[in-house]
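> Here is what each chain is made of, one letter per residue.
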Amino acid sequence: MTAVLKVEGLSKSFGGVKAVNGVDFEVAPGELKALIGPNGAGKSTCFNMLMGQLMPSAGKVYLKGEQITGLPPRVIWRKGVGRTFQITGTYQSMTVAENVQMALMSHHRKLFSLLPYAYRLFREEALALLDVVGMADQADRSCAILAYGDLKRLELAIALSNDPMLLLMDEPTAGMAPKERINLMQLTSDIVRDRGISVLFTEHDMDVVFAHAHHIMVLNRGELIADGTASEVRANARVQEVYLGGGTLYAAEGSHA
Amino acid sequence: MGLFVAQLLTGLANAAALFLVASGLSLIFGVTRIVNFAHGSLYMLGAYVGLTLMNTLPGAFGFWGSIVLAGLVVGLIGILIEICVLRPIYRAPELFQLVATFGVILVIQDLALMIWGAEDRLGPRAPGLKSVVRILGEPVPQYDLALIAITPFILFALWWFITRTRIGILVRAATQDREMVGALGVNQSWLFTGVFFLGAALAGLGGAIQLPKGGADLLMDLNIISAVFVVVVIGGMGSIPGAFIASVLISVLNVFGVAYIPQSTLVLIYVVMAVVLTVRPYGLLGREEKAGEHGQVGEVERPIRPVGTRGRAFVFVLLVVLACVPFVGSSFLQVLITDILIFCLFAASLQFILSSGGLVSFGHAVFFGGGAYAAALLVTYADTPMELALLCAPLGAGLLALGIGWFCIRLSGVYFAMLTLAFSQLVWSLVYQWGAVTGGDDGLVNIWPSAWLSGTTAYYYFTLAVGVGGILVLRHIIHSPFGYTLRATRDSARQAEATGIDVKRVQWLAFALAGTMAGLAGGLFVFSKGSIFPNELEIGKSFDALIVVFLGGVKTLSGGVVGAVFMESIKDWLTRLEYWRLILGLVIIGVVIIAPDGIVGSLRKLGERIGLLKEQESMR
Amino acid sequence: MLEIDGIHSFYGKAHILNDMSFSVARGEVVALLGRNGAGKTTTMKSIMQLVRPRSGSVSFAGTDITGLPAHKVARLGLGYVPEERRIFTDLTILENLEVGRQSPRAQTPSWTIEALFELFPNLEERRNNRGKALSGGEQQMLTIARTLMGNPSLLLLDEPSEGIAPVIVEQMAKTILKFKADGLTVVISEQNLHFAKMVADRAVIIEGGAKKFDGTFQDLEEDPQVRDAYLSI
Numbered sequence: 000m001t002a003v004l005k006v007e008g009l010s011k012s013f014g015g016v017k018a019v020n021g022v023d024f025e026v027a028p029g030e031l032k033a034l035i036g037p038n039g040a041g042k043s044t045c046f047n048m049l050m051g052q053l054m055p056s057a058g059k060v061y062l063k064g065e066q067i068t069g070l071p072p073r074v075i076w077r078k079g080v081g082r083t084f085q086i087t088g089t090y091q092s093m094t095v096a097e098n099v100q101m102a103l104m105s106h107h108r109k110l111f112s113l114l115p116y117a118y119r120l121f122r123e124e125a126l127a128l129l130d131v132v133g134m135a136d137q138a139d140r141s142c143a144i145l146a147y148g149d150l151k152r153l154e155l156a157i158a159l160s161n162d163p164m165l166l167l168m169d170e171p172t173a174g175m176a177p178k179e180r181i182n183l184m185q186l187t188s189d190i191v192r193d194r195g196i197s198v199l200f201t202e203h204d205m206d207v208v209f210a211h212a213h214h215i216m217v218l219n220r221g222e223l224i225a226d227g228t229a230s231e232v233r234a235n236a237r238v239q240e241v242y243l244g245g246g247t248l249y250a251a252e253g254s255h256a
Numbered sequence: 000m001g002l003f004v005a006q007l008l009t010g011l012a013n014a015a016a017l018f019l020v021a022s023g024l025s026l027i028f029g030v031t032r033i034v035n036f037a038h039g040s041l042y043m044l045g046a047y048v049g050l051t052l053m054n055t056l057p058g059a060f061g062f063w064g065s066i067v068l069a070g071l072v073v074g075l076i077g078i079l080i081e082i083c084v085l086r087p088i089y090r091a092p093e094l095f096q097l098v099a100t101f102g103v104i105l106v107i108q109d110l111a112l113m114i115w116g117a118e119d120r121l122g123p124r125a126p127g128l129k130s131v132v133r134i135l136g137e138p139v140p141q142y143d144l145a146l147i148a149i150t151p152f153i154l155f156a157l158w159w160f161i162t163r164t165r166i167g168i169l170v171r172a173a174t175q176d177r178e179m180v181g182a183l184g185v186n187q188s189w190l191f192t193g194v195f196f197l198g199a200a201l202a203g204l205g206g207a208i209q210l211p212k213g214g215a216d217l218l219m220d221l222n223i224i225s226a227v228f229v230v231v232v233i234g235g236m237g238s239i240p241g242a243f244i245a246s247v248l249i250s251v252l253n254v255f256g257v258a259y260i261p262q263s264t265l266v267l268i269y270v271v272m273a274v275v276l277t278v279r280p281y282g283l284l285g286r287e288e289k290a291g292e293h294g295q296v297g298e299v300e301r302p303i304r305p306v307g308t309r310g311r312a313f314v315f316v317l318l319v320v321l322a323c324v325p326f327v328g329s330s331f332l333q334v335l336i337t338d339i340l341i342f343c344l345f346a347a348s349l350q351f352i353l354s355s356g357g358l359v360s361f362g363h364a365v366f367f368g369g370g371a372y373a374a375a376l377l378v379t380y381a382d383t384p385m386e387l388a389l390l391c392a393p394l395g396a397g398l399l400a401l402g403i404g405w406f407c408i409r410l411s412g413v414y415f416a417m418l419t420l421a422f423s424q425l426v427w428s429l430v431y432q433w434g435a436v437t438g439g440d441d442g443l444v445n446i447w448p449s450a451w452l453s454g455t456t457a458y459y460y461f462t463l464a465v466g467v468g469g470i471l472v473l474r475h476i477i478h479s480p481f482g483y484t485l486r487a488t489r490d491s492a493r494q495a496e497a498t499g500i501d502v503k504r505v506q507w508l509a510f511a512l513a514g515t516m517a518g519l520a521g522g523l524f525v526f527s528k529g530s531i532f533p534n535e536l537e538i539g540k541s542f543d544a545l546i547v548v549f550l551g552g553v554k555t556l557s558g559g560v561v562g563a564v565f566m567e568s569i570k571d572w573l574t575r576l577e578y579w580r581l582i583l584g585l586v587i588i589g590v591v592i593i594a595p596d597g598i599v600g601s602l603r604k605l606g607e608r609i610g611l612l613k614e615q616e617s618m619r
Numbered sequence: 000m001l002e003i004d005g006i007h008s009f010y011g012k013a014h015i016l017n018d019m020s021f022s023v024a025r026g027e028v029v030a031l032l033g034r035n036g037a038g039k040t041t042t043m044k045s046i047m048q049l050v051r052p053r054s055g056s057v058s059f060a061g062t063d064i065t066g067l068p069a070h071k072v073a074r075l076g077l078g079y080v081p082e083e084r085r086i087f088t089d090l091t092i093l094e095n096l097e098v099g100r101q102s103p104r105a106q107t108p109s110w111t112i113e114a115l116f117e118l119f120p121n122l123e124e125r126r127n128n129r130g131k132a133l134s135g136g137e138q139q140m141l142t143i144a145r146t147l148m149g150n151p152s153l154l155l156l157d158e159p160s161e162g163i164a165p166v167i168v169e170q171m172a173k174t175i176l177k178f179k180a181d182g183l184t185v186v187i188s189e190q191n192l193h194f195a196k197m198v199a200d201r202a203v204i205i206e207g208g209a210k211k212f213d214g215t216f217q218d219l220e221e222d223p224q225v226r227d228a229y230l231s232i
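Heads up: the sequence lines are chains L, V and B, in that order. Quick note: the first sequence uses numbering that gives the first Met the number 0, first residue 0, plus one each step. Quick note: the second sequence uses numbering that gives the first Met the number 0, first residue 0, plus one each step. Quick note: the third sequence uses numbering that gives the first Met the number 0, first residue 0, plus one each step.
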């Protein structure tokens, strides 16, 4: 089966400093894969290159076998990649439903239409997506007054609106309470299972990573130093040295099972 | 060869004053993130204060002492402005700050008029530097050579101050994160005041030091500010070496322009700017501004809905009342309402791009005037019938907006604002200097409507239909998918890009649409007046529109229209007063500080408080 | 040492802190726990007067500091290390430290650049590098060092472990415990319970802008209701 996402020799330098250096990996269909590593290791740079926000210095990115390297974000989105951000970027002046409707208008190519009232377009479809993430009851609230965790769920609904085959989630649970983190990642896992979507996410909460990721990649100083299952990565001496440390900062193995 | 060198030296000498003003503006912008529109006014004050001092203090010591003292006095005035006007609004959105400094311009204009009178003043010549030196056979004033010698010292002193002193370090730190500097124990409000003092003093010095060359007059504030904007935009905002390079570049170009292509000097400068910005959007030495880097505190715009039955009924009744005016009102009233309607459409078009698009255009009059000129030129040179010419007004303005927008849309925030201003100046200078075609300062006259619209009442109904129609079309578009898409690009460009929206393209088209509507207003205008002059596309006209949108309420849909009605209604009365600029300036500053929601926003809040309107769900 | 009494803080219309009270004794390390949006950062900022509480009071070492400008609060010996580092990226490490410099004060550990370089050797190597060239962990060290240049007697650390490799966080825990041994009072806000437990004597749990729990970590573990409501994993 072709990998949904395949990355070959991805590199990026900023003024001579190699932020990402020769990274290769694949994401299989239906896989929930985590990318971890210390701050400044190149995770965000990597993500921004996958989604087209940054032009790689070298290397190729393939989506279902098609090369998408260096395409602008909006084009990559139209090819079926959804993205959520570490700091949410929803439209503050719109209601919850309108935020999803906006993405649907884009998906259905109605952006330049001048005649209809926008608030009536694709409302049913938007409500259905909000229902998936459990936000339908808040559809008509202003986005500016949402609680943080609800914003994250809204972002997920927006990311689903173009029926993506791949979701890129940048620190999806940053800033949430432990319980909310578990709920959001559970929701994401369910969506992955139900819709056959693949997910690549970065994360700092090792508890979340070890509990939900099928596979984990570790990035350090721009290079991939590990790519494997949770227990393989935990046992990796190099990963322990540069990243995980003595294990005092996350739950012991199996405590989530 | 001799002439060439002499001209080069004149250019370098002229760069001195320009650099002083531009570096002051850049310094203030770097730290406070405020583009001080009133910086030209400080320059003018420097000239007047310097002149007064030079007339009292004797000799060479008196001359140079006056220049330094003028700098200090203007610096102190700067402190006054900083404390009274800017301190309360550091956290306000940038448009509010710009409008407030514009209020300061008006106030200073009238104060200068009161104190020094309307006459232009000649500056004294510098004692001991009154004669000329022959260089390669060409006469070069000694004072020019003195200026050329002084400027590098000022540049070096500023550089040393910024990079080598503790205060310089604090200033640079505050440029990046004012709050954090405060949290580390630095009294940042005094740091700001100090920077403002320094920046204002530099402008004052610039005004005083150019006295022997240029004298003092009441127009020098606005004359220099567009040149200064060009300089800081070319050099890069916040970069003092950039300001130096650009000052020299512009001054030298200007001198050679005057010598070799006198009819298009102004045009030349703006063309250079356009070229530089095409290659380097943030100027020669400028640094890319990341969106949201200087996050601005302000109330979030609210979700919108088309007006309900009550609102529609209200608009209908209003239209009926307006339709009845010719039966009861004088023809003077009809003309007044015609003017108001045209201005309302113009303001609504600005509000569209400014509020829904979040793009603060400072040169919107160029499309109003552009549309008017498009129609007028067609009538004058091609005998085009009025109906067709009027149709070409929005088309011409729309095309102009597509062209200007292509450059401007690549930038955002204050860069966008300054670029739109500079481009509107480019068009203005083109119209102004290309007298053979545009009539220059004499304008184009005898542009009258067709016979069926020649009566005051007929044209009144025509304007009512087209003007109101245009406003309603704009309003509908705001509620359409395109309007929503535009708001999406304003709320979060990143999210929009990540969900398939071509942000720049949407902004570009919206900019063109706003320009088209402004052009329609301009077309209506030219046929109602029968003539058009370059002042209709000047900075002042753009500011008029900004101010009414602002007075009406930026974060509303109808602010522009309401503000325009308010302003045009009182203008006739206001401008009869001797010092109306002073009053208007103070009102603007007052509104910025006390009622930033504007008329519509304030009424809405009042309505919510007394229970007439449903209150928005409060945050969290 | 620090007394927060019934403060209410707002961002615009948003009511963030709702009658928040707690106190910190000299030499203590207290952890503020709670999710994002619970009010931890606003509590920190309200202590520093970066956000002015609308009502209630904050007093520090016996002085009422409510409504003082932030720089005066800092000069009294409150050191604030913000979330997201906020180092001055265009300035070198040495210049960053210069911004934080204040004169030494009585009864508090005094810091010199040399002592700070000893504590954070990475920073010394890169003393003339600009802030933007630093890694996330180095930036966090610089933020702390910069605040220590002001010789604070109480350190407010807002989410020091956020976004940092566990291995660096472990080092940071040691550093904080060293500060405590030197007599510094520390308030940290945290989402990582493991880290908080390593360094803090006491936990204050914040939710919805108000205090929901105040006690030792042992009390916390023995209180299943609180544990499940705010910390449950």
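Derived by calculation from the structure, the hints in this document are not laboratory data. Accuracy of the hints is not assured; some may be wrong.
[As the list claims (entries may be wrong)] Simulated pairs of lysine to aspartate or glutamate, DMTMM-like, Cα-Cα distance not exceeding 20 angstroms:
id	chain 1	residue 1	chain 2	residue 2
1	B	Lys211	L	Glu65
2	L	Lys63	L	Glu25
3	B	Lys71	V	Glu118
4	B	Lys71	B	Glu97
5	L	Lys63	L	Asp136
6	B	Lys131	V	Glu287
7	B	Lys196	B	Glu221
8	L	Lys178	B	Glu206
9	B	Lys211	B	Glu83
10	L	Lys178	B	Asp200
11	B	Lys173	L	Glu65
12	L	Lys78	V	Asp382
13	L	Lys178	B	Glu113
14	B	Lys131	V	Asp176
15	L	Lys178	L	Glu124
16	B	Lys177	B	Asp200
17	B	Lys173	B	Asp4
18	V	Lys212	V	Glu118
19	B	Lys71	V	Asp501
20	B	Lys131	V	Glu178
21	L	Lys178	B	Asp4
22	L	Lys178	B	Asp222
23	B	Lys211	B	Asp181
24	L	Lys109	V	Glu118
25	B	Lys131	B	Glu83
26	B	Lys177	B	Glu113
27	V	Lys528	V	Asp382
28	L	Lys5	L	Glu65
29	V	Lys540	V	Asp501
Quick caveat: nothing in here was measured; it's all calculated off a predicted structure.
> Hints first: check each against the structure and report whether it holds.
Consistency of the hints with the structure:
1. Lys211/B / Glu65/L: Answer violated: Lys211/B to Glu65/L is near 53 angstroms, above 20 angstroms.
2. Lys63/L / Glu25/L: Satisfied, since the Cα-Cα distance of roughly 10 angstroms is no more than 20 angstroms.
3. Lys71/B / Glu118/V: violated (50 angstroms)
4. Lys71/B / Glu97/B: holds (18 angstroms)
5. Lys63/L / Asp136/L: violated (36 angstroms)
6. Lys131/B / Glu287/V: holds (14 angstroms)
7. Lys196/B / Glu221/B: Satisfied, since the Cα-Cα distance of roughly 14 angstroms is no more than 20 angstroms.
8. Lys178/L / Glu206/B: holds (13 angstroms)
9. Lys211/B / Glu83/B: The hint is violated at about 26 angstroms.
10. Lys178/L / Asp200/B: Violated: Lys178/L and Asp200/B sit about 24 angstroms apart, past 20 angstroms.
11. Lys173/B / Glu65/L: violated (49 angstroms)
12. Lys78/L / Asp382/V: violated (53 angstroms)
13. Lys178/L / Glu113/B: violated (44 angstroms)
14. Lys131/B / Asp176/V: holds (14 angstroms)
15. Lys178/L / Glu124/L: violated (29 angstroms)
16. Lys177/B / Asp200/B: Cα-Cα ~14 angstroms, so holds.
17. Lys173/B / Asp4/B: Violated - the C-alpha atoms of Asp4/B and Lys173/B are around 31 angstroms apart, more than 20 angstroms.
18. Lys212/V / Glu118/V: This hinted pair holds, its Cα atoms lying about 17 angstroms apart.
19. Lys71/B / Asp501/V: Violated, at roughly 47 angstroms.
20. Lys131/B / Glu178/V: Given pair Lys131/B, Glu178/V holds - Cα atoms ~19 angstroms apart, limit 20 angstroms.
21. Lys178/L / Asp4/B: The hint is violated at about 29 angstroms.
22. Lys178/L / Asp222/B: holds (17 angstroms)
23. Lys211/B / Asp181/B: violated (30 angstroms)
24. Lys109/L / Glu118/V: Violated - the C-alpha atoms of Glu118/V and Lys109/L are around 60 angstroms apart, more than 20 angstroms.
25. Lys131/B / Glu83/B: holds (13 angstroms)
26. Lys177/B / Glu113/B: Distance of about 17 angstroms is within 20 angstroms: holds.
27. Lys528/V / Asp382/V: holds (18 angstroms)
28. Lys5/L / Glu65/L: holds (9 angstroms)
29. Lys540/V / Asp501/V: Violated. Lys540/V to Asp501/V sits at ~32 angstroms, over the 20 angstroms cutoff.
Taken one by one, the earlier hints fail for this structure at numbers 1, 3, 5, 9, 10, 11, 12, 13, 15, 17, 19, 21, 23, 24, 29, listed in ascending order.
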